Amino acid sequence: MYALAEELFPIPRSITGEGVRQTLRILQREVPELALKSVPSGTKCFDWTVPPEWIIRDAYIVAPDGAKLAQFKRHNLHVVGYSEPVDRRISLADLQAHLHSLPEQPDAIPYVTSYYKRTWGFCLSDRERNSLPGGDYQVKIDSVLDEAGQLDYGELVIPATVADAPEIFLSTYVCHPSMANNELSGPVVTVALAKWLQQLPERRFTYRVVFIPETIGAIVYLSQNLDHLKQAVVAGFNVSCVGDERTYSYLPTRHGDTISDQIAQHVLQHKVGDYVCYSFLDRGSDERQYNAPGVDLPVASLMRSKFGAYPEYHTSDDNLDLISPGGLQGGFDLLQLSLICLEANRTYRATVLCEPQLSKYGLYPTARKKGDPKPKDLLNVLAYSDGRTSLLEIARRLEQPLWQLAKAANTLASAGLLEECPPMEN
Amino acid sequence: MYALAEELFPIPRSITGEGVRQTLRILQREVPELALKSVPSGTKCFDWTVPPEWIIRDAYIVAPDGAKLAQFKRHNLHVVGYSEPVDRRISLADLQAHLHSLPEQPDAIPYVTSYYKRTWGFCLSDRERNSLPGGDYQVKIDSVLDEAGQLDYGELVIPATVADAPEIFLSTYVCHPSMANNELSGPVVTVALAKWLQQLPERRFTYRVVFIPETIGAIVYLSQNLDHLKQAVVAGFNVSCVGDERTYSYLPTRHGDTISDQIAQHVLQHKVGDYVCYSFLDRGSDERQYNAPGVDLPVASLMRSKFGAYPEYHTSDDNLDLISPGGLQGGFDLLQLSLICLEANRTYRATVLCEPQLSKYGLYPTARKKGDPKPKDLLNVLAYSDGRTSLLEIARRLEQPLWQLAKAANTLASAGLLEECPPMEN
Amino acid sequence: MYALAEELFPIPRSITGEGVRQTLRILQREVPELALKSVPSGTKCFDWTVPPEWIIRDAYIVAPDGAKLAQFKRHNLHVVGYSEPVDRRISLADLQAHLHSLPEQPDAIPYVTSYYKRTWGFCLSDRERNSLPGGDYQVKIDSVLDEAGQLDYGELVIPATVADAPEIFLSTYVCHPSMANNELSGPVVTVALAKWLQQLPERRFTYRVVFIPETIGAIVYLSQNLDHLKQAVVAGFNVSCVGDERTYSYLPTRHGDTISDQIAQHVLQHKVGDYVCYSFLDRGSDERQYNAPGVDLPVASLMRSKFGAYPEYHTSDDNLDLISPGGLQGGFDLLQLSLICLEANRTYRATVLCEPQLSKYGLYPTARKKGDPKPKDLLNVLAYSDGRTSLLEIARRLEQPLWQLAKAANTLASAGLLEECPPMEN
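Protein chains in written order, with the working numbering: chain S, 18 to 443; chain Z, 18 to 443; chain G, 18 to 443.
In isolation and in its complexed conformation, chain S is listed as follows:
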C-alpha cells in the first residue's frame, strides 16, 4: 500500500483533468476490473453543474531579481487549484492579493482551490513569502479551463456469490494533488480491500467501490445511480484519512443508527479500544452527500487522524512522511474487520427446543480441540439465537468480538443446530 502511495504521490490531481485519469489508470493496473467512467463538463447533477476540465501545464513566479519562485513543477501545491491562465507583470503589492501562506506554519505550503469562482493564485511557505523583495514580478500560469472537458471516476463492482444480494458501498476520493493522509491513504487502502474482497470464496454482499473526485464526484455519481443505491445498499464506508499512526476515529451517519455505525463502533471497541468518536457535525468529506436527506445512504467513516483534525492537513506537510506502512495497515485492518463483521452478522434461530445435548454433536467440552469454539460460547450463541437477535447483538451481550463468535455460530450451523433467518434489515 505504501509503495502505491509513493507512486501516486507526485501526480497533479484536481477534481478533473489528466492527473485524475493517470491516477485511475494506475489503480486499474492493480484491479483490472475497475471501470473508468466520465461525464462531460456542463452536465447537470442535482443542484450542481460539472465544471470545465482544468488543464494545468506550468505555473511559476519570476522575482525582480530573476529568481523563479512557487514553481508548479517543483510542487504541485504551489498553484491554486482551478487557477485561470495568467501571464503578466505586477507589483509585489498586487501580487500579495493572489498569494496564500500560513503564518502559523511558516514552512508549509497550503492547499488552496477555487473550483467555482474564477481567479488565480499561488501558494507558498510563509517564510518565503516574507522574504519577497519589492519590485515587479512576472506571474505565469499556463492553464486551460476546458468547457469541452470531462470529469473522470472509477467504479468497481465485486459481485456477491449468492443471488439477489444487497450491496455494500465503499467510496474514496482521487482529487487532491500531492497529499498523503488526506488523499492517497484512501485509494491505496481501498484498492487493497478490493483485492482481498475479490479473492474471498464467498460473499454475501455485492461490493460497489468508487474512486471519485470529492463532493462534485460524489454528487455526479449519486445523480446517476441514486435509485439503485437507495434500493440496494445496506451498509457503506467513506474511506478517507486512513494512513497515519496517531489515532483511530469514527464519524457516524446522519442519525448514527445504521448497521454501518454499529459495526464500526463494535470493531473499534474490540480492536482498538481507545478511539475518537466524532459527531456528524464534524463531517467534511463525501459522507456529507451520502447522508444528505433524500439520499440517506448508510455511509459512516472509519479513519485514523481525521481531515481537519491534524496540523498537516491541507498543507505540503501532509506528505509521505506522515503516513506509514503500519498506519495504512491499521486503517486497512479496521475496514477489513468491519466487512468481515458485516458478512458474519447473520441472524439465526435455534433448530431444537431447549438446550441440545451437545455430546450428540461432538461439541461437549471433552471433545474440544484447540481453536474450537468454547462450549460456553456455543451455548450462549444458541441461547440468544431466537430469530430476531443478530450475531452483532449477541456479541454485544457477550462482550466479545463478533468475528470470534462467528466461529461458534458456524460450528453450530454446521451441526444443524442453527438455521439462518431472512437477511438482515437495517
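Keep in mind that a hint or two might mislead.
As the list claims (entries may be wrong) - A partial selection of chain G residues facing chain S, derived with a Cβ cut-off under 7 Å:
#	residue
1	G59
2	F63
3	D64
4	I236
5	N242
6	L246
7	Y292
8	R305
9	A309
10	P310
Simulated from the structure, these hints should not be mistaken for lab results. Bear in mind the structure is a predicted one, so any value in this text is a computation, not a measurement. Note that beta-carbon positions come from the ideal geometry of N, C-alpha and C, so glycine has one too.
Let chain S serve as the given structure and place chains Z and G on it in line with the hints.
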C-alpha cells in the same frame, strides 16, 4: 406588569365574588378582547358542584379592651376565605379554635380558606395572637354565601393567521386575595404575553388564554370545553408564580414527554442554564386538572419560585416586595421564548438532493453580512432536514437555541432550499 | 421449612429413582394436591432421551488393610451419580482414575455425576484420598441402570378464583442428593409458597408449580406442556438456592424485559436494597430451558447465594449448617412479595375526569384513620391511572413499594374512583 400588579393587589379575590369580577374587568381594560364569562352556583362539573358565591363586606374582632383586630378592611387575608357570617360574643378560648397563625413566621398573616366545609375564622400574625388578653371578644363577619350567585372567569382567543390551526393553551388564576408571586404574577405576565401575541404579524397557532379561579375554575372550564380542547390543543402552560427573582423552575406534564415539556426544558437550558426541575409529584396548581387521566392536555409549568417552595408562600409576606419588574420580566421572557420556539419548531425537508451549491443563492461565506446565519448552521439545518427531524431536534443536536436556528431555517426556506412538512404532531 | 429440609436431607436423590419418589411423597404429604407423574425411560423429549432409571443400593471401597472407605451409606455423595455397577479388585493407581476430590477444599466431598456417559466413580475428601495406602482395593457399586425405569416429577395446580386466568409458573428441582442450599431450599420454600397460595381468598392467576429433576426434568415437562405454557404463562420464577443468609440475588430472563424481571427487581430494591444482579450469561439452572429460543417463558430467578457463586456449592459442605430458618424465610419473603406484587399489579383508569372531590368519599385528610392510605398517595395513584400505566409503573415513579400503593388503589377502587382495565399483557 409591576404597575398592573400594584393596581390589582388590594382587591379581595376569592374563587367567586365581586373581587374576581373587578380583577377581570381591569384585565379586560388591558386586553379588550377578553370575554367575561360565568356559570351559576350549583352547576355540576365532573365530580364537583360550583359553590355559592361568597360575598364579603367586612370582618373584624373586637377585643375585651375595645381594640379592633384582624380587620378585613386593613388586610383581606385576615378573614378565612368562604367564612360564613358570624356576629357574636365569645371567650378567648372559644375564639382560639377559629384563629390561624404561623408560629414559625410570627409576623406573617397566613392565607386560609374553607371553600367546601362551612366554618368561619380569622388569620393573624402569631405575635398578635399571643398578645391577646383574656376575656370576651366580639367577632363579626359580614358575609353572604349566595346560592344564587355565580363563578366568573375570563377567556381570550387570539386566532392564528392561518386556517385550521391547532391551539396553544395558556391558563392562569385569579382567585387569591392580596398575594403577589402566587397570584398576581400569573395574570399580569399572561396579559403581557397576550398583548405581544396579538400584535404578531403571523401566528401558526390559535392561542386560548384563560383567567380562572384555581381548581374549581379549571374544572368548570374543562367540563364545558373538554372535547374541543382535546382535539385542538397541542401545547400549553399553566402560568403561576412567575414574579420573583430567586430562581427558575419547571414542572412537567404527567408523563413529561409532550412538546410543552421539550420546549420548556430547551428554553430553560439555553436561556437560564441553572434551574429547578420538579417532578409531576410536586404538582399543585391547575396542571393537576389539565394533566388528569382522560383530560390529558399537554400543559407544563414554567415558573420562578414555585408554589409551596418559598417561605412567604400563602402568607401576607407574598406581597409586592417579593416580586419585582425584573422578576416578572424574567418570567415573561421564558414564556415568550417558549411560544416563539413553538411557532418556530417546524419540520422541514431539503428541496435539493445532496448539498446545494450555496454560492448560487448568495449564501456562501464570502457573501455573508453581519447578523446573517452562519454557513455552518445553514448546512447543518439542511443536513438534518429530512422531513422527520423537527427544528427542535436539530437544535438539540447542534446544542444551539432553536430561536437562533430558526433564522437559518427561514433563510433557507426563503431561498427555496427547504420546504415545510405537515404540521407538528405531538 | 427448615424441619422439612432436615427430613429430606438424607434421601439419596438423583434425576431418577426411588430417592426422587420418596422426596415427592413427602412433599405430597405437605400439599396433598401435588400430583405425582412419570415418564418411561427412553421417552424422546426434544433433543434428549429420558435415561434409564438409576437404582443405587450400596457403594464402597475396601482398602488393602480392610478399611471400608467412601461408603454410600454414610454419605450419598461418595458415589458418582449414575455410576454403573462394579465389583472388582484394582490397584490404587487404577482406582485414582475413578476418584474425585477437591485439593482446594481438602475436607469436602465433591458432588459428581455422569448421567449420559457410562462410567463409575467415587467422591471423597482430598485429605482422605491423599492418605490412601498403596496396594489393591476392592471397589463395589451395587447399582442398576434400568432401561425399563422412569423419571418422576410432581405438578401442582392452584387455580385462580376467577375464570380464564393466565398462569404464573414456579419451578424447583428435586434431583440432588444430600445438599441444602442448592437443592432442598428450593422445594421447601416452594412448598411453603404453595400452602400460602392455596389459602388466599382471591387469586387473579392460576399457579402452576412443578418439582422436577433439573435439566432433563424441565425438558421433559416442557416437551409435554409447551403449547399450554406458552399460551398461559405470564410470569414465573425458578426457585433455587434460597436458603442461606449471605446475600440476595437476581438472574434475569433472556432479554431481561419481562414482568417477572420487573417485579423481581422492584421487590429486591424496596425489600432488600443491596443485592447481586447477575446477567443471563450467569445462568445455570432450569432458567436455561425456560428461556430457550422458542420456549420463551418469562422465568426469572430470585435467589440468596447463587449456584456456583459460593464455595460450598456442589460439595458436602452445602449442608444443613449452610442454610437456616432465617435464610429460608428471607427467600420465601422475596418470592411471596413478588407474587403479591404480580397479583396487585393491575392497571386502572380513573372514573371521574379531573381530580375528584375527595371529601365526598370520606377520603379527605381530616377523615383519615391510622393505617389508611395517605391522601397524597391516593391523589398520585389517581393522577397516573390513565388506563395504560400499571401500578408497578406508578410505584416506580412514586419510588414506593407496589405492595404499599396497592392499598391506595384498593381504597380508590372501593370508592368507585378507579376501574380496572383489561388484564396485564406482558
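Hint-by-hint comparison with the structure:
About 14 Å separates the beta-carbon of G:G59 from the nearest beta-carbon of chain S, more than 7 Å, and the hint is not met. Hint on G:F63 holds. Least Cβ distance to chain S is approximately 5 Å, under the 7 Å limit. A hinted interface residue such as G:D64 counts as satisfied when its beta carbon comes closer than 7 Å to some beta carbon of chain S; here the least separation is about 4 Å, so the hint holds. Among the interface hints, the one on G:I236 holds; its C-beta lies about 5 Å from the nearest C-beta in chain S, closer than the 7 Å criterion.
For G:N242, the interface hint is violated, the least distance from its beta-carbon to any beta-carbon of chain S being 12 Å, above 7 Å. The interface hint given for G:L246 is broken, as the beta carbon of that residue sits about 12 Å from the closest beta carbon of chain S, more than 7 Å. Because the beta carbon of G:Y292 sits about 21 Å from the nearest beta carbon in chain S, more than 7 Å, this interface hint is broken. A hinted interface residue such as G:R305 counts as satisfied when its beta carbon comes closer than 7 Å to some beta carbon of chain S; here the least separation is about 6 Å, so the hint holds.
For G:A309, the interface hint holds, the least distance from its beta-carbon to any beta-carbon of chain S being 5 Å, beneath 7 Å. For G:P310, the interface hint holds, since its Cβ comes within 7 Å of a Cβ in chain S; the closest pair sits about 4 Å apart.
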